[in-house]
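K.L.:
So you can see what is in the structure, the chains are spelled out below.
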Amino acid sequence: MKTNYSTLTLEDPIRTEIEESSIRVIPTFIYASVFASFCIAVGLQWDISWHMSVGRDGLFSPPHLAIYLGAIISGIFSGVKVLKTSFWGSLEEKQQTIKFWGVFHGSLGAMFCIWGAFAMLTSAPFDDWWHNTYGLDVKILSPPHAVLGLGMIMIQFGALVSVIAVQNRLGKNLQDKTKTHLHWLYALSSGFLLVMGYTFFAEYFFLSRQHHVLTYQVAMASLPILMVSVAFASPYKWAATKMAIVYTLLMAGMVWILPLFPAEPKLSPVYNYITRFQPFHFPFILVVPALVIDIIIAKWKNSNKWLLAAAISIGFVLSFVPAQWYFADLQMSEYGRGWFFGRYSLPYFANPDSPYRYIFHPNYISQGWDLVKGLGIAALIGLVTTRLALSWGNWMSQVKR
Amino acid sequence: MGKNKPKLLSMIKKILLPFLLVIILCSHVGSPGVIFEGLLGPYRILANINPPDVVPGTAMVTVIIPDNPVGILLEARPVYWSAGLKGTPKADPLVAVPGELGKYEGELWFMESGTSSVQLMMTVGGETFDTIIPVMAVPTAQKEMPVELGIVLSLLGILLVVLMVTIVASAMSDSIRDPGLERTSRTKKRSQIGIAVGSIVMLLILWGGKSWWDAESTAYQNYLFEPLSGQSEFIQEENGNYLHLRIDELKSTQGRITRKISYMVPDHGKLMHMFLIRKGDLDVFAHLHPERLDTLDFRVKLPPLPSGEYHVFADITRYTGFSETIVSELIIPPSSEFQLASNVPVYLGRDDTYTFSNPISNKPYSLDGDIMICGKPGIKTDLPGGYSAVWETETGKFEAGRLYNLDFALFDPEGEAAILEPYLGMMGHAVVLKHDGSVYIHLHPTGNYSMGSQMILLERFESGKIGFLDIPKSLSFQDSIDQVISFLDALPDTERDSLLMGDMVHYNWDDPEHQEHSMVSFPYAFPEKGNYRIWIQVKIDGQIVNGAFDVEVE
Chain A
1 MKTNYSTLTL EDPIRTEIEE SSIRVIPTFI YASVFASFCI AVGLQWDISW HMSVGRDGLF
61 SPPHLAIYLG AIISGIFSGV KVLKTSFWGS LEEKQQTIKF WGVFHGSLGA MFCIWGAFAM
121 LTSAPFDDWW HNTYGLDVKI LSPPHAVLGL GMIMIQFGAL VSVIAVQNRL GKNLQDKTKT
181 HLHWLYALSS GFLLVMGYTF FAEYFFLSRQ HHVLTYQVAM ASLPILMVSV AFASPYKWAA
241 TKMAIVYTLL MAGMVWILPL FPAEPKLSPV YNYITRFQPF HFPFILVVPA LVIDIIIAKW
301 KNSNKWLLAA AISIGFVLSF VPAQWYFADL QMSEYGRGWF FGRYSLPYFA NPDSPYRYIF
361 HPNYISQGWD LVKGLGIAAL IGLVTTRLAL SWGNWMSQVK R
Chain B
402 MGKNKPKLLS MIKKILLPFL LVIILCSHVG SPGVIFEGLL GPYRILANIN PPDVVPGTAM
462 VTVIIPDNPV GILLEARPVY WSAGLKGTPK ADPLVAVPGE LGKYEGELWF MESGTSSVQL
522 MMTVGGETFD TIIPVMAVPT AQKEMPVELG IVLSLLGILL VVLMVTIVAS AMSDSIRDPG
582 LERTSRTKKR SQIGIAVGSI VMLLILWGGK SWWDAESTAY QNYLFEPLSG QSEFIQEENG
642 NYLHLRIDEL KSTQGRITRK ISYMVPDHGK LMHMFLIRKG DLDVFAHLHP ERLDTLDFRV
702 KLPPLPSGEY HVFADITRYT GFSETIVSEL IIPPSSEFQL ASNVPVYLGR DDTYTFSNPI
762 SNKPYSLDGD IMICGKPGIK TDLPGGYSAV WETETGKFEA GRLYNLDFAL FDPEGEAAIL
822 EPYLGMMGHA VVLKHDGSVY IHLHPTGNYS MGSQMILLER FESGKIGFLD IPKSLSFQDS
882 IDQVISFLDA LPDTERDSLL MGDMVHYNWD DPEHQEHSMV SFPYAFPEKG NYRIWIQVKI
942 DGQIVNGAFD VEVE
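Line order of the protein sequences matches chains A and B. Under this note's numbering, residues 1 to 401 are what the first sequence spells out, in order. Under this note's numbering, residues 402 to 955 are what the second sequence spells out, in order.
A hint or two may mislead.
Said to hold, decoys possible - So the derived list for chain A, only partly shown, Cβ under 7 Å to chain B, looks like this:
{"no.": "1", "residue": "Tyr134"}
{"no.": "2", "residue": "Leu141"}
{"no.": "3", "residue": "Pro143"}
Said to hold, decoys possible - Under the rule of at most 20 Å between Cα atoms (straight-line distance), these lysine-lysine pairs were calculated in the PhoX-like manner:
{"no.": "4", "chain 1": "A", "residue 1": "Lys99", "chain 2": "B", "residue 2": "Lys590"}
{"no.": "5", "chain 1": "B", "residue 1": "Lys661", "chain 2": "B", "residue 2": "Lys874"}
{"no.": "6", "chain 1": "A", "residue 1": "Lys99", "chain 2": "A", "residue 2": "Lys84"}
{"no.": "7", "chain 1": "A", "residue 1": "Lys237", "chain 2": "A", "residue 2": "Lys301"}
{"no.": "8", "chain 1": "B", "residue 1": "Lys589", "chain 2": "A", "residue 2": "Lys94"}
{"no.": "9", "chain 1": "B", "residue 1": "Lys491", "chain 2": "A", "residue 2": "Lys266"}
{"no.": "10", "chain 1": "B", "residue 1": "Lys589", "chain 2": "B", "residue 2": "Lys798"}
{"no.": "11", "chain 1": "B", "residue 1": "Lys487", "chain 2": "A", "residue 2": "Lys266"}
{"no.": "12", "chain 1": "B", "residue 1": "Lys781", "chain 2": "B", "residue 2": "Lys798"}
{"no.": "13", "chain 1": "A", "residue 1": "Lys177", "chain 2": "A", "residue 2": "Lys237"}
{"no.": "14", "chain 1": "A", "residue 1": "Lys94", "chain 2": "A", "residue 2": "Lys84"}
{"no.": "15", "chain 1": "A", "residue 1": "Lys237", "chain 2": "A", "residue 2": "Lys172"}
{"no.": "16", "chain 1": "A", "residue 1": "Lys99", "chain 2": "B", "residue 2": "Lys589"}
{"no.": "17", "chain 1": "A", "residue 1": "Lys179", "chain 2": "A", "residue 2": "Lys237"}
{"no.": "18", "chain 1": "A", "residue 1": "Lys299", "chain 2": "A", "residue 2": "Lys237"}
Bear in mind the hints are in silico, worked out from the structure with no lab data behind them. Built from N, CA and C at the ideal position, the CB exists for glycine as well.
Could you build all of it, start to finish, from the sequences and the hints given here?
P.N.:
Written out as structure tokens, the structure is:
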């Protein structure tokens, strides 16, 4: 007992040393970028819910503030880091960065974050003008929103690139603690990015459309590029699965938390008389194809990239489509309307008695040959995006600055 | 029979009143504001609503309470015909404008196109009074980007493009270089390829973005409110000359139900109020009421009007509360004048009327010092039959965008106050036309709204009906409306007027200053600068009397 005691006391100073070194190894701006990415992902889900429940917002509505907080944190931390390295940095620091425009030294991740912050800044006056000219758009995809969305994605991507660059630069010289931090940061930043990727195309992912091939074609065009590249670049096992879990928990968490708060529609006309925040979508069951991606990459990472892409794309379609198809059935049933899946959710401006509320929209149902053909096309789209994702992942695994 | 008639009348009155009294809501061209004058609780108020020009967008609501009471709470909210009161969020307070006594302002969001209204609510001493003012929510404007904003956005855009090209080039070259290693010729080459690839990608994105923007802009233009148009034709027949109006079919995909032409309902007992004004000199004015031949075709007998080109404005309204003005042109050929000169008697409809006045002069009217009404100078116009009208105005100056009461005093040939009778259910009608024809509006003493439209919206709101599902079939609806019109046309004047006036409460100006003459007053805000002509129409001794005034708005 006594000996044990003394051993414990001796360990303490050693631990502190490790912590100090890990802090030095992972720059603060990387933690800040990942946190910014989190703010953006949460802010976006919250903002959509706000538009479904309250309707009226201003420049400084709470969800907007969450998104701006992300932009500001990421922009300032990255900007300061670049300026600091450029003008006050040591030669060693400069040698770890990219020199651009003759004077600046910055990491690629920081450059992405700065670009994202500027894009978000640009979108604000552009969006304001757009609303005054074409009316307030009650949709996710419009040109100014695309600029905003690109800005947000770039910040999130910058966070991911920053994490992976540290990982690649230090390679096997990492201490356990730093390694764990990087591992977590990688899973988190990639998961937040996946939330954004999903939301960007969410107009095609509505539950009522999930028995239609277009949903899966759009999914194959947008999701593998994120999931496969992350899995391929990762030095850790099960990267895509962890990414999918983070995505699932964040989106589902919003479905569980938002309705706890009261909301009152502030715009006319109101057809659905709600009293609580209406959550956005319950997430896709992406854990299933993520497992498939991780298994295939773990087994055949070094085989021909086209063959690998084909295997992943087919595996993705064959695992994801049936899983999501029946998962959609479950959500469409009575079970889906409880708090867990949140499919009771309906915007204040939608008619609650609509005959299409709890059915798959008859215009969006694929059957028979159409279904087979459509999924074949989805797999072909997936082949292209997966192949791109492999190159992308290959590049990400080399980024060191 | 004699006993049954009042019963039948009261029954018809009850059933049809909402339809009979639906009034012109946006029967105007180039004059978007909705003006209301009336009582709200114990106070007389004047409200001016500037509907949004982009939908979804905001409307500006201005309320003036001349008594400037203290301790009141004034609120407003937009209520849609389709959503009713339950589907309308809590009202927003209107805020007192500093420095302007009794003036309140507020902004309201209109999220959908269609028939809507503003509900004004006033809380005085624990009691709440409210009123409904109909408003059409339609997108009417396509805006350009201000140059300053364009410059700022362009600069930011260039920065984003250049930075992204830099990022792509760095990603392909420097980012994968081990720390501490110098650039090699290979890195440099990859960087150059990166610049090329990045530039091409950015150009593609910009091109895609532009196509997208253009497509959105085109989609918006298709969504813009397009007024109904029509073709007016002059037709000579043995028993006289006719105007045939064919309404062009609605092309817009917006408002397929709201703007259905077969949903037309009578306004002041008439399905259509048509105004003919000779172009250029604006010296000939006629107010006619065409009959419906079928859904799109209308016809009316023409009074002996001189040849020339005419503006034709036809005001209609619908069951859904949506009303508008059909604009067309009529050419009366010179040959017809010959026939008219031969003094063939023309039998017009009993409510149809026309008048000749002096051609518009380019000089604005000056105030006549000899004409003083209540100590204020006025502009006098002689009316047919020895009557006269005086436009009472303190300065004779009018500013665009400001709300005025256009006050007219009417005199009989003896110079005594003329006794006004209701004409088509109103104590007076006025038409305002900008000399170039770009602004046209039909006014009433209550503004450009009536108690009737209030009633149709209120009744719908009380019924709790929402949406577009429980509404009548267009053909049977058209038939029953035609029957109502023929019933009304067969009624004698007094009975019809009492039916048309309904429960309308005309605010009696309790104004000792004006006891010795008859006044008719129209609240209006001229939308833009320029020269305007105003025709007023009143009924004295059973005769419809028209008079024209000119005004320059600064």
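K.L.:
For a quick check of understanding: which of the numbered hints are violated here, in increasing order?
P.N.:
2, 10
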